[in-house]
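> Each protein sequence line maps, in turn, to chains E and F. Going letter by letter, the first sequence gives residues 1 to 457 in the numbering used here. Going letter by letter, the second sequence gives residues 1001 to 1188 in the numbering used here.
Hints in this document: simulated from the structure, not taken from any laboratory. In this text the structure is predicted, and so the values were computed from the model without any measurement. Where is the CB? At the ideal position from N, CA and C, for every residue including glycine. Some hints could be false.
[Said to hold, decoys possible] Which residues of chain E face chain F? A partial, calculated answer using Cβ under 7 angstroms: (1) 59; (2) 60; (3) 253.
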Amino acid sequence: MSRCHALDEYLDRAGLEAELPERLTAHLTRCEVCSGRWRHLSSAEAGLRTINCEPVPPAPSLSLDFVRARRTHVRPSGRWRLAVAGAVCLAALVVWHLRGPSGALVSPEAPHRRPGRVAVPPRLGTQQLTVLPGPRRPVVLPPRIDVAQSPAAAVTKLRHHPRRYLVPPRRLAPAGVASSSPLDRYRGDDFVTVPRPVMAAVMSPASMHVVVEAMDEYRRARSVVDPRLAKLVTPGGAPRLGLLLRRLSDATGAAMSLEPDLRPLEPPAVGPSLPARDLMGRIAREMSLEWRRSGSPGAYAYRLVRAPEERDRLMLQNREQREARVTELFNSLNTYLSHQDSTAEELRSEAASLGARHAEQPDPFLVDQRAILLWLAEDPGARLAAQLLGRLEGSQYQALRRGEAVQLPSGTLGITRDGSTLQLYAEVAGPDGKRRRIALSRVEGKTDEVRRRGGVE
Amino acid sequence: MGLVTTQVLRGREDVLETEDLVRRSRAGDATAFGVLAERHREFTFRLAYRVLGDYEAATDATQETFLRAWRSIRRFRGTCGFATWLHAITVNCCVEVGRKVTQERSRCGPEPAQEPAAPEGMDWALRLALREALSELPEPQRLVVTLYYFADYTLREIAEELGVPLPTVYSRQRAALERLGRRLEVER
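Using the sequences plus the hints, can you model the full thing?
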C-alpha cells in the first residue's frame, strides 16, 4: 500500500492549529490514507479536549516531608554502598595488620618492629600517630602541687617532672644582655604595635605553611626587646610631642619620628626621669597612639602614628565638618538668590531700608545684608553671578557641592578649597569681554566662623 | 512541613521570585521548595487529574511529583522553566501511577460507582482507553500533548520551554494524536 505523506508534511510544517488549505481539503476527499489519518487526528483531539473539559475537584493540601525525602535520597546507592563496604573492609585489614601479638597499636615505623628505620616526624597538618615501642606504659599523672602555698617550689617541681609539663622559659633579651638583666622581665616591647598577620587563602597543604610562617614571624616581632630603650630619659617638661621625641631619640640613640600632625600635640605629664620604654608606652596609651617599629635588630627605628580607629574617627569628623561648611556656604547664598532678578534701583532701595532698620535696632546681620545688596546694585558682574546660582539645576547643584566646577552658558561656578576655607566663586565675562572671577561667599575654618564678603578678587 | 510552608507563604509569596526559590531549593532550602510546591500544587494536581481521571491517583501523582522534584532539584539546570520541568515530572509520575491503577483494576475489576460523569458524548471506556494510550506514548510526545491540551500551553510556548524547533513540536503532536486516534478507533 502506498503511503501518502501530503497531510503529514503539511502538518509538520504548519501545525494542527492552522486551517487546512483548500488544496489539502480537496486532497483529503480523494486520498483515503490522508483522510483516515485526519480522522484519527480529529477524534484524538476531540477526546483530549473532552477530557480537558471535565470538572476538576479542588487540589488536596500537600503533606510532604521534603527534608526526610532529601535524606532518603542522599543515602548511598548500590554502587556507593559497595565502595563504602570495601573501604570499611580495607580499614579493618589495616587495623588488624597494625595490631601486634600483644594487641598494642603501633605504627609500621615503630623501632621494635623495624629497627633499621628511623621514625619520620609527621608532615605539618597531618595527624600524628602515637608511637609506643612496647606494651603501653602507665599514664604518669602530674603531682598534686599546692601552687598557692609556694609558687616557686611548684614551678621547680613541675620542671623536674619526667613528663615536663612546663616548657622552660625562653630567653627574651637580645644577645649581649646578661640573663640577670632587668630586661628579662619583659616579654617583648609590648608598647610597639605589631599588626597581626591578615591572610586570606584557600586551604591547601601549602597554606598551612604560610600561616605558620606568618605567625612565627609575628611572634618573633612581638618578642623583640630593644636594649637601647632601657635607658633613663628626662622629659624635662617638653611642651610638644615633636620635641619630646627628639629628646628621646637623643637619649637612646634610636631613630624616632611621628606623623606631622602629631608634632604640635601636648605630651602627657610624666615624672622627672624614667626608662625610655615606659615613657613611650605611656605616650601611646594616654594619647591613643601607636608605635610602629621598622629596621633590623640593633638599628630599629620607631614611628608614632595614630591608631587606625582614631584615624577613622578623625576622617569621619573632618568629612562631617566639611559637609557642614559646604551647607553653611550654600545657606549664605540666600541673599543672592532672593535678589537675582532685582534691578539696581530695587537693590539700592532695599539696602536703604535695611540701613534704616539697622539705625533703629543695630544688627550686624543687617549690615552684612546691606553690603551685599549695595555690591549687587553697583556691580553688574555680581548680579550675573547671582543669576548663575539661580539657574542651577539639581544635578549641577550636587556637582557644585562635591567641589566640581559647573559650566553654564553665561559663566562658571565653582568652589575653591584652601585648607579648611571654602570659597564660592563665579567666573563671568565683564562688559569688556574679559572673564573675571567674582567671590560670592566664603566659609572659614569652623562652621561658626562664617564671613560673607562681597567684592572682586 | 505544611505548617512551615504556610508560615513562609504568608507575606513572602509575592516577594520571592520563582528563580530565587529554585536557587534556594537547589541549595537545600526545604522551606523555599515548600513555597514552590504550594504555588504549583493546584496546577500540578489539575494536570494529574486530567491525565489520570481519578482523584486518589491524581493526589498520589501530585505527592509523588513534588517528592521527586525535591529529590532531583539539584539536577535542574534551568534549561527550561521550572513549571515545564515540574509538568514533565508530573506526566511521568502520572504514567507510573496510572500503570499501578490499571494493574489494580485488572485484578479487582472496574468500579462503575467511581466512574466520573462525562460532560459530553464520550463514554468512560473511551476516556480510559485514551488515558491508557496517553501513558503509552513516547515521553516527548506525551509531554507535548499534555502541555498543549491539559496545561493550556501554546505550541510556540512548548517549543520555547523545551528548547526545540517549532516544527518538531508540530510533528510530535501530530504523531501523538495519530497514535491516540488509532487506539480510539480500535476501542470503538
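> Compare the structure with each hint and give your call.
Evaluated hints:
The criterion of a C-beta within 7 angstroms of any C-beta in chain F is met by residue 59 of chain E, whose closest approach is roughly 4 angstroms, and the hint holds. Hint on residue 60 of chain E holds. Least Cβ distance to chain F is approximately 5 angstroms, under the 7 angstroms limit. For residue 253 of chain E, the suggested interface contact is broken, since its CB lies about 62 angstroms from the closest CB of chain F, more than 7 angstroms.
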